[in-house]
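Okay, here's what each chain looks like letter by letter:
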Amino acid sequence: MAALYEGYTLCGLAPAQNLSNSGIQGIEEERDSDHVVVTDSTRSVMLYKVSDQKPLGSWTVKQGQNLTCPAVFNSQTKEYVAVSDNKVIRIWKEEDILLDKAFKATVSSDVWRVHCVHGGEPVVLFQRGAVRLLDSLLAAPQQPINEVLAEEEAIRWSINMVAETQQFVIFTTEQKGDNFLYVQRLNPNTLQRYRLEKEEPGISPLSFSASFRDQHIRLLYLYPNGHMYQSVVSVRGPGAEEGAQALPLPRSLLLALPVSEGLLEAASALVLDEAHVAVVGVPHPSAGAGKDFLCIWNANFQTLQAGKEMAGKIYGQLWSYSNKLFIPHGKTLSVIPYECPKSSLASALGKLRQAQAEESKAPALVPSWNNILHGEKVQPSRTVDTRKTRTNRKTQSTPSLTADQVLELIKTASVEEVQKEVEGLLSRVDIQVLQPSVGQLAATLVSRSLADPAFYTPTTLAQIVHTQCLCHSVCPDLVLLALERKDYFLCQLCLQFFPDIPEAVTCACLKAFISIPDVDAEKASLDPDSISFMETLMSRECGQVGLQNGFSPTSFEGGHSEDKETTPIPPEQICPVGLHKAVLLNEVLQTAYSDTFLLPHLKDLCSQHVVLFLQYLQFLYQRCSQDSFPQMHGLRSPSLNQIMDWVCLVLDAHFTVLVMTPEAKGLLLNLHSFVKSQVRLVSELGKIEGSLQELNKMKVKKDVGQYSIEVIELF
Amino acid sequence: MGEFKVHRVRFFDYMPSAIRAMAFNSRSERLAVARADGAVEVFNFADNYFQEKVIPGQDGRAAEALCWVGQRLFSAGLNGEITEYDLENLMPRYSVAAYGGPIWTISSNSQGTLLAVGCEDGTVKIFEVLEERIQFKKNLDRQKGRIISLSWHPSSALIVAGMMDMIRIFDAETGHTTHRLLVERGVGASKSREVVVWSVAFLSDHTIISGDSAGKVQIWDGLTGTLVRAHLITKWDVLALSVSQDESSLVAGTSEGTIIQFQFISSTVGHKDKEWVRTRTFKNHLHDVRALAHTDTAVVSGGMDTQLVVRPLLDKVEKNTQESALRKIAFPHKNLVCCAKKAGLLLFQFPEHLELWRLGESDGYGKPGDSLPVKRKPEKLIELKRKGEDHICCSALSPCGGWMAYSTLSGVRLYRLQHNNNNISITKVSKLPKDLSSARQLCFSSDSSKLFASSSHSSVIVVALNQSECKYLHTLKPKSGSRQPVHLLAASDDGRWLATANTDCEIHVYSLDKLKLHCTVPVYSSCPTAIAIHPVTSSLIVVHADQQIFEYSLARKEYTEWSRKLQKQGLHSLWLERDTPVTHVTFNPRNPAHIVLHDTFMFCIIDQSLPLPEAKTLLYNQMTLRSVPESERIRHSHAFKICKNFQHLMCVSLLEDHSLVIVERPLQDIMSQLPAPVRQKKFAT
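Here the protein sequences line up with chains A and B, keeping their order.
FYI, the UniProt record's numbering numbers position 701 of the first sequence as 701, with every residue one higher than the one before it.
FYI, the UniProt record's numbering numbers position 167 of the second sequence as 167, with every residue one higher than the one before it.
Hint data in this document are derived by calculation from the structure and do not stem from the laboratory.
Mixed in with the good hints, there may be bad ones.
For the chain B half of the interface with chain A, some residues (derived, Cβ under 7 Å), not all of them [said to hold, decoys possible]:
# : residue
1 : V6
2 : S371
3 : V374
4 : K375
5 : P378
6 : R626
7 : E630
Pairs of lysine to aspartate or glutamate residues, derived as EDC-like cross-links and limited to a Cα-Cα distance of at most 16 Å, are as follows [stated by the list, open to error]:
#  : chain 1 : residue 1 : chain 2 : residue 2
8  : B       : K316      : B       : D246
9  : B       : K5        : A       : E197
10 : B       : K644      : A       : E713
11 : B       : K367      : A       : E197
12 : A       : K665      : A       : E684
Fair warning: this is a prediction, and the values are worked out from it, not measured in the lab.
Built from N, CA and C at the ideal position, the CB exists for glycine as well.
Next comes chain A alone, as it looks inside the complex:
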């Protein structure tokens, strides 16, 4: 599940007097993901190292001049480019101290923005819609600039992106309430113009965000009524001729965000990855009408993944660079790290067991000195402190690897090394921090194991499953891998901890378990709790009710079916399978399933296995239905209902086969009697239910009784 971590302040803001804007014009990534250039709305540009929250440089234009476009960093030339007073392009390097002494060039038309993607060439977008590469523009600064936009058409938003080595400038305009999207391709230059479908009259999109995926530009836009639409534009679209009619742009409603009352005023939505969207300035669905929330939504499942209340006024501005959200609010610019792991339905619905929910709320305002000084966790803290992680990174950067590095390592390193590093990572880092990458870790391990028959790390995988951060849908091959490698312990763990094992896999497990020879099964080391449960159950085979009052005859300890042959016991009283096999089968019985999906897979079992399985179920049923059924203290054990359901399912799946099998006759008769007794029980319960409901009704009625003394007031 996506998570927002504890944020930190990058710098203070000087918002306008009436708080109408945040005082920040733009934030652009600098040389790497840890450096950003922040341009304020008046005169200055600051360079920050984000993780240190430290300004590295600052440039200011002269009084009376204004920066009209956020500064960008040209990583090819290591130069900064900005525009002052709409027409003056300024270019400087980090070592330049005074901006006035740096390069200046005045162009003939007003510039809307200079864009520069990382590693790309700077592009200048003029207010009238023309686009020039910076280099070619500077070659002849006073060259005439054509007008692309119509009268009264104005740019609202623009972005520059590189898709398949093609550079694009995408911008949206507004003209008398109509909104248009322009996709300008550079080299060769083509321009596509689209008309956005109209939302309710009088409202225009509050924010845009674009991303490139699968050869398509995906434009995301948020309306004040909370509707978030996505439009997909092909990058290979035909270039439109000059003056051609704007194409209508189809859209799909991605999310309808809750807007408590009125319309959104300052809100912004940003695409984080294919599924996740960060939204700011929209009310949290469970926190009333306050709009000062930063939320991550999963657009595929329409679920809220993470939310964070931001103190102070929200300006509706939001940037994101390398898993960090930059958000101006109140009088500060905050950086909030986030994580959007590959989403599964289970995690999207919060079904995956984890302590994420309370974690994100717990404030960690006071950093621990221990952490900072010694760089290690003195006490397991569940909260994430950026200061702490930062110091962690600093002090441990040499010996230990980050999750990403470990991922890379898994692909190549030897079994021992992988085990060591993954275990190290798991023990080192708080599991809550790691949670999003656990899935990736497991998936990488599994894919390596599948590809390389020599590679298998059972303990590591078991450890990962034990974290309970994993589910089947995140790593669908894990269970089958475990089966393939006959790692029954891992199978057991998966069956225990995965909430979403498909019926086909459950059935595959069942098939595998029931067909393993007992000898093999006994070799596996399984969860001791479930073994001890099964042991008690089997030790009572001779009808001994020996555990009462704490007295247990030693001769029956660890009694297995082998040494029971001496005493004459009716056959259905003997466990038909070995201890470990029984433990594994129990796990299968306890998984969640739906009959319709399970039934077809159950039909694949061969008749011998079916009979064996039914015998085992019969044995379990008899054990469990006895009055002296041990109430295992908190141990996982199949309930009577689960056993009965499985009996019915297996019978349904194989009824004709069983009827034809002579050795199954006695079994069927026995099972029939069980079902009969269950039916009787249920019918008795049904009778009681009626009376109990009556009782319930009686209570609701306020009984005044024959006599009461009351106080009333007349007005």
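For chain A, the structure is supplied; the task is to place chain B on it using the hints.
Frame of chain A; chain B shown alone:
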């Protein structure tokens, strides 16, 4: 207004008796209802369905059928006697044996000269109605099997009789059978059982309608004796039929509690031939509908579930008026509970016995809405069985709790109650004055020194009481010479006045000092349902069946200023729309401006010092007043403080300690004591 401690009493196990028969006199608009315990009640439909008269029952004398002849009311019962009632003295006038075994039915011809009764022995006996009595005239041809139902042809020449398995038409003159109509039995198991023709009706066009135990309503041609049409309307019995005066509509009551209406209309539009078509079904009863009356505008029904239901036919009345509302009369329009204000005692009147209870106590205090802990439970002190066959018709308890009296048709009994500590002793006062032979209404003076008993011709007998004996003092008689009985008595607290009201709507006030008539209140068209004399101002409060309230000053012999104001402004429409009469009026000793009165569904404290509600103001405004801040309440409040927290009220009274006594008899409790109905229709059964 303030807080009241309320004794909420639900231990009065009053159980009304099932309705057996009814007869509607369309000329006087009075409905006579016979109940299973033998009591006969007369409702005045012209005066808000007020229960004017109650003739108390008698053991072993239940009426099976009722019949009006002009203004005279006759009944016949399974005791084999025909009884005429004295509607002035509220007692049977005489009984005549028919000598034909139990009588199932009685019917008079349209001229009102002849009465026919159907007897168990198979005879139809004709009686002549004379001035003061009835006289046997003749028997019609005797038949095999009992006569269950009878109906005269409007021409009086023919009589139709419903019997077992058949209907016969007699010539009233010769007494011979002219036609014999065989009624088909039910199908299946009931094939072996005789079918009972519970009810027949003979229309002027010689159509005969019959309702039988096989669940059929059949329409016959009386001239040819052929079956025209049979409607199967129930799986059970059709017990009662009633035809409207103009013979265009008829209703049939069944054991299922449904009433089915048939109308004589043309089945297709524009077609001239009319026929009886089943049109509507009403379901207002849980149990058998034993008796039906089809008035011009409504269907009146009654049966096992003891309620009298008036269901207006919406094609005959104006919609959304008071007239179009369904009325259920479940409780008698008179007091069966007497409260001794000073002693905190309650006297409950049953037909068979009296119960004297002491109220419980609580020493707690609580917020409004609280139930206080009951320190001492209420206690039944005395259960007094009546003597003789006649049912108790009235009773009284003196305010001090020292005297108790009841009356049956045959006599008055007076008891002296003595309380010492927790013991109570009861002694019957043996020698009563001869004049005090029977009373319709009893009342003690507030100081318990006098007993007033209403007697014949609107007179009131005054008896003086002291420690051991009682002495006849005087008989108060009005000058009007009304022959109607006094049904309401009210003595003033200061012992100076006694007010009486009779069913001629006259109200007389006597001075007890002078033992003579003080004044007569101007006669109002509606019958008084409750009267009381104000303890401070000595003005008389009268509430009428049409819900009007009057205040009459006894000192000045005129309506008071407040009363005039009330009449001038008019009562609130919602007040006038209530469908149960006010049966009791009392006063608040702490605040003379307060008048406490109640009907079945609410009690009301009228504060005479507050402005009267205007037509547009909210009448039931207690909830509003609760929600507004105290300072604003005065702006919203008006004189009528109505509390509907308590329902099915039998009595509301203010004790001397300012606590209210409210006696409830929830209708559900009555319903739960009824036998199971024949068939409860359940979904999907």
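* Asked: Can we keep the K375 of chain B interface hint, with Cβ of chain A closer than 7 Å?
  -> 9 Å, violated
* Asked: Is the Cα-Cα distance between K665 of chain A and E684 of chain A 16 Å or less?
  -> 29 Å, violated
* **Straight-line alpha-carbon gap K316 of chain B to D246 of chain B, limit 16 Å** => 13 Å, holds
* Can the restraint linking K367 of chain B and E197 of chain A be considered satisfied, given a maximum Cα separation of 16 Å? -> 64 Å, violated
* Does K644 of chain B pair with E713 of chain A here, judged by a C-alpha cut-off of 16 Å? -> Measuring from Cα to Cα gives roughly 12 Å; hence the hint holds.
* **Hint check, R626 of chain B versus chain A [nearest Cβ-Cβ separation less than 7 Å]** => Cβ of R626 of chain B sits 6 Å from chain A, so the hint holds.
* Per-residue hint verdict: E630 of chain B, partner chain A, C-beta under 7 Å -> With a closest approach of 9 Å, the E630 of chain B hint is violated.
* Asked: Holds or violated: is the Cβ of P378 of chain B closer than 7 Å to a Cβ in chain A?
  -> 5 Å, holds
* To do: Mind checking the alpha carbons of K5 of chain B and E197 of chain A for me, to see if they're no more than 16 Å apart?
  => Since the Cα atoms of K5 of chain B and E197 of chain A sit roughly 70 Å apart, the hinted pair is violated (cutoff 16 Å).
* Asked: How about V6 of chain B: closest beta carbon in chain A under 7 Å, or not?
  -> 5 Å, holds
* **Closest C-beta approach of V374 of chain B to chain A relative to 7 Å, hint status** => Check passed: Cβ of V374 of chain B comes within 6 Å of chain A, closer than 7 Å.
* Asked: Against chain A, with CB atoms and a cut of 7 Å, does the hint on S371 of chain B hold up?
  -> 5 Å, holds
In this structure, the earlier hints numbered 4, 7, 9, 11 and 12 are contradicted, and the remaining ones agree with it.
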